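Participant: My request is simple: use the sequences and hints to build the entire structure.
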Amino acid sequence: MSDEGVTDLSEATVITAAYNEEMALPAVLAALVPLRDAGVEVIVVDDGSTDRTAQVARDAGFRVIRLERNSGKAEAVRAGLAEVRRPKVVVIDADGTYPVSAIPAVIGLLDAYDVVLGSRTEGRGHIPTLNRLGNAVLRTAIHWFSGFLSADPLTGLYGVRREHLVAMGLRSRGFGLEAEICVKAARMGLSWTDVPITYAERIGESKLNPVRDGVVITWTIVRTLFSGPRVRPAPGRDARLRPPPLALGTTALSVGSLAIAAIILATLLGLSLAAMVDPRVPFTMAISVPGVLALAVGVFLWRVATRWGRPGPRLLAPIAVAATAGGAMLLGVTVLVADAVGLVPDAPRIEVTKQVLLIGSAVALVASPAAFPLAYRASAIRNWLESGLGSVARHTTRGELLALGIIVVLFASPVVRFIFIAPIFGFDESIYANTSRAWVEGTPNTGWSQHRSPGISLLGLPAVPFASEVAFRVIGLLSGALAVVAGWALARRLGGPAAGLVAAIVIAMIPGLLYNAGFFLTDVPSAAIVALFMMVAWVQLEERPAPSRGLLWLAPIAAAAFYVRYGASVPLTAVAVTIVILWHRRLFAAWRLALTTAALLLLLLIPHFVQSTLMTGSPIGIARMAQSLASSAYPGEALRRYVDMLPAELAGAVGGALIILGLAAWPVFAYRFGLNDRVTRAQTFVLVPALLHVALLGMVALPDVRYILLPIMLLVIAGSMAGVQLSRRLTPPSRAAVAAAVVIAATVTGVGSAAQELRRQAIAAPNQYDLIDAARLIRRDAGDEACAILGYPPPQLTWYSGCATYHFALPPDSGRARLLTAERNYIILTVGNSGRYPSGALREEYRSLADGDPFAVVNDHASGEPELEIYRVADGG
Numbered sequence: 001m002s003d004e005g006v007t008d009l010s011e012a013t014v015i016t017a018a019y020n021e022e023m024a025l026p027a028v029l030a031a032l033v034p035l036r037d038a039g040v041e042v043i044v045v046d047d048g049s050t051d052r053t054a055q056v057a058r059d060a061g062f063r064v065i066r067l068e069r070n071s072g073k074a075e076a077v078r079a080g081l082a083e084v085r086r087p088k089v090v091v092i093d094a095d096g097t098y099p100v101s102a103i104p105a106v107i108g109l110l111d112a113y114d115v116v117l118g119s120r121t122e123g124r125g126h127i128p129t130l131n132r133l134g135n136a137v138l139r140t141a142i143h144w145f146s147g148f149l150s151a152d153p154l155t156g157l158y159g160v161r162r163e164h165l166v167a168m169g170l171r172s173r174g175f176g177l178e179a180e181i182c183v184k185a186a187r188m189g190l191s192w193t194d195v196p197i198t199y200a201e202r203i204g205e206s207k208l209n210p211v212r213d214g215v216v217i218t219w220t221i222v223r224t225l226f227s228g229p230r231v232r233p234a235p236g237r238d239a240r241l242r243p244p245p246l247a248l249g250t251t252a253l254s255v256g257s258l259a260i261a262a263i264i265l266a267t268l269l270g271l272s273l274a275a276m277v278d279p280r281v282p283f284t285m286a287i288s289v290p291g292v293l294a295l296a297v298g299v300f301l302w303r304v305a306t307r308w309g310r311p312g313p314r315l316l317a318p319i320a321v322a323a324t325a326g327g328a329m330l331l332g333v334t335v336l337v338a339d340a341v342g343l344v345p346d347a348p349r350i351e352v353t354k355q356v357l358l359i360g361s362a363v364a365l366v367a368s369p370a371a372f373p374l375a376y377r378a379s380a381i382r383n384w385l386e387s388g389l390g391s392v393a394r395h396t397t398r399g400e401l402l403a404l405g406i407i408v409v410l411f412a413s414p415v416v417r418f419i420f421i422a423p424i425f426g427f428d429e430s431i432y433a434n435t436s437r438a439w440v441e442g443t444p445n446t447g448w449s450q451h452r453s454p455g456i457s458l459l460g461l462p463a464v465p466f467a468s469e470v471a472f473r474v475i476g477l478l479s480g481a482l483a484v485v486a487g488w489a490l491a492r493r494l495g496g497p498a499a500g501l502v503a504a505i506v507i508a509m510i511p512g513l514l515y516n517a518g519f520f521l522t523d524v525p526s527a528a529i530v531a532l533f534m535m536v537a538w539v540q541l542e543e544r545p546a547p548s549r550g551l552l553w554l555a556p557i558a559a560a561a562f563y564v565r566y567g568a569s570v571p572l573t574a575v576a577v578t579i580v581i582l583w584h585r586r587l588f589a590a591w592r593l594a595l596t597t598a599a600l601l602l603l604l605l606i607p608h609f610v611q612s613t614l615m616t617g618s619p620i621g622i623a624r625m626a627q628s629l630a631s632s633a634y635p636g637e638a639l640r641r642y643v644d645m646l647p648a649e650l651a652g653a654v655g656g657a658l659i660i661l662g663l664a665a666w667p668v669f670a671y672r673f674g675l676n677d678r679v680t681r682a683q684t685f686v687l688v689p690a691l692l693h694v695a696l697l698g699m700v701a702l703p704d705v706r707y708i709l710l711p712i713m714l715l716v717i718a719g720s721m722a723g724v725q726l727s728r729r730l731t732p733p734s735r736a737a738v739a740a741a742v743v744i745a746a747t748v749t750g751v752g753s754a755a756q757e758l759r760r761q762a763i764a765a766p767n768q769y770d771l772i773d774a775a776r777l778i779r780r781d782a783g784d785e786a787c788a789i790l791g792y793p794p795p796q797l798t799w800y801s802g803c804a805t806y807h808f809a810l811p812p813d814s815g816r817a818r819l820l821t822a823e824r825n826y827i828i829l830t831v832g833n834s835g836r837y838p839s840g841a842l843r844e845e846y847r848s849l850a851d852g853d854p855f856a857v858v859n860d861h862a863s864g865e866p867e868l869e870i871y872r873v874a875d876g877g
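Using the numbering used here, read the sequence shown as starting at 1 and increasing by one per residue.
If you are wondering where the hints come from, they were derived from the structure by calculation, not from laboratory data.
Mixed in with the good hints, there may be bad ones.
Cβ-Cβ distance ranges computed for the label pairs, FRET-style [what the hints assert, rightly or not]:
no., residue 1, residue 2, range
1, M699, P667, 16 to 26 Å
2, A467, P667, 46 to 56 Å
3, V738, D111, 52 to 62 Å
4, A467, P196, 51 to 61 Å
5, A599, A200, 40 to 50 Å
EDC-like mimics (lysine to aspartate or glutamate), calculated; alpha carbons at most 20 Å apart, straight line [as the list claims (entries may be wrong)]:
no., residue 1, residue 2
6, K207, D93
7, K207, D51
8, K207, E11
9, K207, E68
10, K207, D428
Here the structure is a predicted model, which is why all the values come from computation and not from measurement.
Glycine is no exception: its CB is placed at the ideal position from the N, C-alpha and C atoms.
Facilitator: Set out below in structure tokens:
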């Protein structure tokens, strides 16, 4: 531009490529005449037209380059570019749809930007519907795969500085030119901007075929990413590497490849159905997906990186991790197949396979997600998540992520072993799994009642096709890992990186968490979600100058915790009370946002209130029912039991010590720093909800550690923050020694308690197989017919048999047989006496309803003595 701000048009060349545009070209050229007279060079490229296109341009006095045959838009523009010597190049379609009047603005902006695009903000109704749809898909692909975030990358009006067009080495065909320019501009680190324009109605017939040219543009994007000459960053620019989101093609490729490979192997090797439904198969396949996915992402990153520049250490590390994870999972699948076909010796077969799968799964669970932070940091997803977990990820060092990954591995290893050693569903697990299966397959939903929350069964839907306890319990495993990560994130936000890692290792070794994460239950997932709720609340109300719209996330997070476990209303209420105490002034200042968040939460809870009113006559009727079913024998029973369990049994030896430290340090910090100091508020934010939660449940609920997992986590976080705060008085070597001692002690005690629980489960497991044997015998006898069972426990019998199951009542009732109205009916009786089964004369009464002698007798797995008798019943009514 000149000193007066007027654009110097003599530096620019306008190229318009035309093919059979005899009707539209005169209007375009007439609009270009003033620009030509002002010094703009105009080149018309006739792309082998069969009409008078070239003659129309010559008659108007413009320079014409004529191609002998129709080669496509990209070839025509390259032909014009070969004749250009001026520093600025503008390309405009010759069909009259783009405004020539916008060209001076494009030329002027090329002084400040490398690429300027005319963005069609007005007149989009003139674009055919199919073209608009294809444009949106391709625009999204360019955004995600290249990071070139223009609002209209496929526009027909744009300007680029000539030296960059030459450096790009353009080689696309047809309408793929704009996609190639945008992808390479991103790789070269070029600056760009959009100019809003109005798109006009086309003059004459369109030459663009949405399907054919859409394929051409898609192929151009893929080919530009993976092949062709390398494009170096422009001088003074930084190349941007933006791999695609992990949920796109690599996921489909991984899952599809695994499924196809499994089918082919099963066919070629003649695997029996029994071998394919072994619980280890779906579990291994499930944990193989992230490994293969990570490997595919690693290959993709490596391929793209080698095309667009040498990968540095920051890129090589995740690629190595991804390759390791993929290799570990492929090893696991290989060993599983070898085991299934008998290549592993019989004696150590099961143990060898399990150990390899344990190692592989542990590597996958931490190594696969370890590849995600790179893709997260390098992709456009980072721009979409500017608060909450996104800010945690952005401010986390690589060393912290590595340490956290190791902690997750330490946590996952014993939990995986729990899953295999205790394969029999418990009472509550069976109810939730039955519900998931009933929603998908319409099978009986035995055991479900109004007080049970539906969220965990909803999470279990992906596990239904596997028909395996392991598949459902993987959800518990992932929830436990999420709880560890959420505890780390919350502690890190409140107390810094050191507090986060100390809290993570101690939380990972909490005996109750290690044990309960191996089951398909609601307690661990809800605890993890509430911890995330607290972290978002802290970020919004403490770290930000004023709450942003991110505060609204509290509503869906709280609703998710509630629908996973209705009992989450207790900690959520405790946290809400604490929030009001600590930040009532901020909430009052942002009262509209606070009320909107509360209203949104109320809106999300309306389905529950409606269901509760319809079923019980009261919006809180289900909550009352849940409380009555879990009430203690006397007030304070649970609280007394929890005190007796401190420290090791409740939180581990190190966890118990941290809990005591956190409680003792709280008043000290309040006195030393003041009530309004950040350190005191952080302690208050975790201690008040934890103490309120324990006090309330301890007075009215049954004593069970899984009910107070969240308070234990919060108390550990408080102790971790207190320990880090107090350790600042120590010298660096002393702090390192204390940290090492905490890590070692937590790991040793946690592994010790896990090993003890493993031994207990290994001893108890054989006693549970009688139930499975009875259920499977009934299923085999009933065939495909509907069936009903009178026996105990009903949820487990339904899960393993697929039959509707009823219990004898407590004490056993002689009239319960009338419930058996299915096509095939059965009664299970014990050989000896049992409080849940009829005995004496009542047992004989039930036996008289049977069709003769028992058709099957199940022996006790431990003693080998007869345990259960199964009778057929013609009609229970």
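Participant: All hints, please: hold or fail.
Facilitator: Hints, verified against the model:
The supplied range of 16 to 26 Å is met by M699 and P667, whose beta-carbon atoms lie about 24 Å from each other. The given range of 46 to 56 Å is respected by A467 and P667, whose C-beta atoms sit roughly 54 Å from each other. Evaluation of the 52 to 62 Å hint for V738 and D111 yields a pass: the beta carbon distance comes to about 60 Å. Our hint of 51 to 61 Å for A467 and P196 holds, since their Cβ atoms are close to 56 Å apart.
Distance hint check: the CB atoms of A599 and A200 are about 45 Å apart, consistent with the given range 40 to 50 Å. For a cut-off of 20 Å, the pair hint linking K207 to D93 stands: about 11 Å separates their Cα positions. Distance hint between K207 and D51 is fulfilled; the C-alpha atoms sit about 14 Å from each other, no more than 20 Å. At roughly 31 Å between alpha-carbon atoms, K207 and E11 are farther apart than 20 Å, so this suggested pair is violated.
Between K207 and E68 the CA atoms are separated by roughly 18 Å; this keeps the pair inside 20 Å, and the hint holds. Taken as a hint, the K207 and D428 pair is broken in the structure, with Cα atoms around 64 Å apart against an allowance of 20 Å.
The structure shown violates the earlier hints numbered 8, 10.
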